[in-house]
Amino acid sequence: MSMELRNCPRCGALFAYTGKNLCGACLAEEDKEFETLRSFLKENPRASLEETSEATGVKPERILRFLRDGRIIAAQDAAWLQCERCGRPIIAGRFCPECAKRLRQELHLEGPGDRGNRGDQDRMHVADLIKKSKSQP
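Going by numbering that gives the first Met the number 0, 17 is the number at position 18 of the sequence shown; the sequence numbering is gapless.
No lab work stands behind these hints, which were simulated from the structure alone.
Mixed in with the good hints, there may be bad ones.
As the list claims (entries may be wrong) - Cross-link-like lysine-lysine pairs, in silico, DSS-like; alpha carbons within 25 Å at most:
no., residue 1, residue 2
1, Lys58, Lys41
2, Lys58, Lys31
3, Lys19, Lys58
4, Lys31, Lys19
5, Lys31, Lys41
Take the sequences, apply the hints, and build the full model.
The following block contains the structure:
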């Protein structure tokens, strides 16, 4: 098993990539920032992005990334993020619910009246694969 080495995009240190794109020290720092941010928002859910950044010491860009990644959710009336497709204010993620639904439909992940559950007929079942492999020489 080969180990993939990368440079940390935050500090430049060389580290063994394990699925997280940060070295251990920067990852620990980010987790600490996240906890500080989460605690602050729990006590001050209506704070603006600038107030939150100033009070916690977490850069606005990092706060927005936590929102886009879905790690935190902004208050309903906070316009910190906009849908990447239509520009409407959203509280987390990258797309508003309407655009997310349209994108799933365009990618054929769901039909117009469907909510993503395509039923058993479109799913691959292990039992079907076993039957096929036994019937083939």
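Now for the hints, and whether the structure bears them out:
| no. | hint | result |
| --- | --- | --- |
| 1 | Lys58 / Lys41 | holds (18 Å) |
| 2 | Lys58 / Lys31 | holds (13 Å) |
| 3 | Lys19 / Lys58 | holds (20 Å) |
| 4 | Lys31 / Lys19 | holds (16 Å) |
| 5 | Lys31 / Lys41 | holds (15 Å) |
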